[in-house]
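J.: Chain by chain, the residues:
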Amino acid sequence: MLNKGNQNMKLKSLLIATFFATGLTAAHAAEGELSIGTEGEYPPWSMADAAGNVTGFDADVGNLLCAKLEMKCHFVVQAFDGLIPALKAKRFDIIISGMSITAERKKQINFSVGYAELANMFVVKKDSDLAGVKDIEALLTSLDGRTVGVQAGTTHAHFMEKRASSAVLKTYDTLDQMQIDLASGRVEAAFADSSALQDFLGRPDGKEFQFVDVKVLSTFDPTLGEGIGVGIAQENTELKARIDKALCEMVADGSIGKASQTWFKTDISRPCQ
Amino acid sequence: MNFELVFLAVPTLAKGLRLTAMLTVASVAIGFNLGLALAVMRLSNNRALSGFAKGYSTVFRGTPLLVQLFLFYYGLGQLSFVRDNPVLWWIVGDGAHCAVTALALNTAAYTSEILRGGLMSIPGGLVEAAQACGMSRLLCFRRITFPLAIRQALPAYGNELVLVVKGTSLASTITVLEITGHAKRLMSQTYAILEIFAIAGLLYLLINLVLITLVRLLEAHLTRYLPR
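Protein chains in written order, with this note's numbering: chain L, 1 to 273; chain C, 1 to 228.
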């Protein structure tokens, strides 16, 4: 009995200690340390393994940025639609998660300069009548009444709500879930950025699917953003200035372009304006 | 609080209210009957039947509803024989049908335990008296055992109904646009989390208030012989 009581005490104090330890690291990020919120489930942008290590283009940009700023990085993995609320709640300092800069998001948080931009595309079954469509307006009209999958909270979801409101929209928490439903035939088309869909097409599940040959860019509709930027809390203007400067240097010296070649086999870096 | 947003959110979320109510009604209707059958099986002398009922209730009560939903929706959806079978695909292919199935199977497990408690509380003498009057087993169940068991089980069952209503919110994770699904979509459009989820919470509270009142009225009706 005595022994058991002792163990309980030990366990309790251990729990209390862990509680305080986690509380402290979350609340007071040490000086010179940058915590980065990222999705962790969006290959090849951001992939987190079971141990919490993050790899991908986002991770490379984050690590390059931290090296430039001479700060220590650590990644916090969080579902995409919770990233902005979590940044506002100060769970981390910045967001690097392939996040497009949009007017709606700018009301909530600040963004760095856009450092990359990707084409957005639709994926359909190879035998679908949509597969041969070449014109964006024709494509959007022919989506009428069809089920289209998008990821919740993305510019793709907002774009579909605005430009193809007669399509039946299905929203998913993660891209993986959307791809499962695309493969099983629950959705007829999926809309996302070309890099993420390219990854799906390369998998066994994706072999019956293909791109619709229409590149949807932010020049077509501003809902799709102003390129991809780093999300920063609105009050953190000093950090924004430092990140902007660092990003512009990173694009100019080609280090972002190099990371992009590694993950996308193409340069998606966006020059500073 | 932004009141403009409240006016935007209420009609959208009210659309989800209908689906939440339908999910609840359908899964409770299936789940209650299944649960009653399982409770009777559990109390039967046949070891295979009671063993099955016991195993069923252990599995479904012992795993989270969210895990069950994902297994049914994403898990079964990956199997080609499920996709090729029109009946199975009707159940698994559609998010709402899948949610009703998972919720019904889940609530059946809890319902069976609640009803088992009710059935076990019936004094043996009552059943013997009914049999002495010449009632068949079915007639005795219908007239004596079941009405008394329900009276005993009702307070606990009311609790289970409330849990089913709240459980429907998990259907939003498999693309069903019920109250929580609409709330999540509005959240990612406006980021007004406080207003939207406060309204969503109020709608659930409203459904549950109605439900709790109905259960109380039914309870009063069933115990009308008691002095109050």
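Among the hints, a few may not be true.
Per label pair, the in silico range of CB-to-CB distance [unchecked claim]:
| # | chain 1 | residue 1 | chain 2 | residue 2 | range |
| --- | --- | --- | --- | --- | --- |
| 1 | C | F7 | L | A79 | 21 to 31 Å |
| 2 | C | L88 | L | E238 | 37 to 47 Å |
| 3 | L | K88 | C | V210 | 30 to 40 Å |
| 4 | C | L49 | L | R146 | 27 to 37 Å |
| 5 | L | K126 | C | K54 | 25 to 35 Å |
| 6 | C | L206 | L | K88 | 22 to 32 Å |
| 7 | C | R18 | L | E208 | 56 to 66 Å |
| 8 | C | L222 | L | D49 | 30 to 40 Å |
| 9 | L | E104 | C | L49 | 29 to 39 Å |
| 10 | C | L206 | L | D267 | 26 to 36 Å |
| 11 | L | E208 | C | L209 | 17 to 27 Å |
| 12 | C | D84 | L | G202 | 44 to 54 Å |
| 13 | L | G145 | C | L163 | 33 to 43 Å |
| 14 | C | V210 | L | E208 | 18 to 28 Å |
Partial list, derived from the structure: chain L residues whose beta carbon lies under 8 Å from chain C [stated by the list, open to error]:
| # | residue |
| --- | --- |
| 15 | E41 |
| 16 | T55 |
| 17 | A79 |
| 18 | P85 |
| 19 | A86 |
| 20 | A103 |
| 21 | V168 |
| 22 | K170 |
| 23 | R186 |
| 24 | E188 |
Derived from the structure by calculation, the hints contain no laboratory data. We treat Cβ as the ideally placed atom computed from N, Cα and C, and that holds for glycine.
J.: Is the shortest C-beta separation between L:E188 and chain C less than 8 Å?
T.: 13 Å, violated
J.: Range hint 18 to 28 Å: satisfied by the CB atoms of C:V210 and L:E208?
T.: For L:E208 against C:V210, whose Cβ atoms are near 47 Å apart, the range 18 to 28 Å is violated.
J.: Would the stated hint for L:V168 survive a check requiring a Cβ distance to chain C of less than 8 Å?
T.: 10 Å, violated
J.: With a cut-off of 8 Å on the beta carbons, see whether L:P85 makes it to chain C.
T.: Nearest chain C Cβ about 6 Å off; hint holds.
J.: Within 30 to 40 Å or not, the Cβ separation of C:L222 and L:D49?
T.: Between C:L222 and L:D49, where Cβ atoms are some 57 Å apart, the hint is violated.
J.: Report holds or violated for the interface hint on L:A103, using the least CB-CB distance to chain C and a cut-off of 8 Å.
T.: Since chain C brings no Cβ nearer than about 12 Å to L:A103, farther than 8 Å, the hint is violated.
J.: Holds or violated: the 44 to 54 Å window for the beta-carbon distance between C:D84 and L:G202?
T.: Roughly 25 Å apart at Cβ, these two residues miss the hinted range, so it is violated.
J.: Regarding the hint that L:R186 lies at the interface with chain C, is the smallest CB-CB distance below 8 Å?
T.: 6 Å, holds
J.: Tell me if L:A86 is really an interface residue toward chain C, meaning its C-beta lies closer than 8 Å to one of theirs.
T.: L:A86 check fails; min Cβ-Cβ to chain C is 11 Å, beyond 8 Å.
J.: Taking the Cβ atom of L:E104 and the Cβ atom of C:L49, is their distance within the range 29 to 39 Å?
T.: 58 Å, violated
J.: Starting from the range 56 to 66 Å, see whether the pair C:R18 and L:E208 falls in it by beta-carbon distance.
T.: 36 Å, violated
J.: Do C:L88 and L:E238 keep their Cβ atoms within the hinted range of 37 to 47 Å?
T.: About 59 Å separates the Cβ atoms of C:L88 and L:E238, which means 37 to 47 Å is violated.
In the structure shown, a violation is registered for the earlier hints numbered 2, 4, 5, 7, 8, 9, 10, 11, 12, 14, 15, 16, 17, 19, 20, 21, 24, in ascending order.
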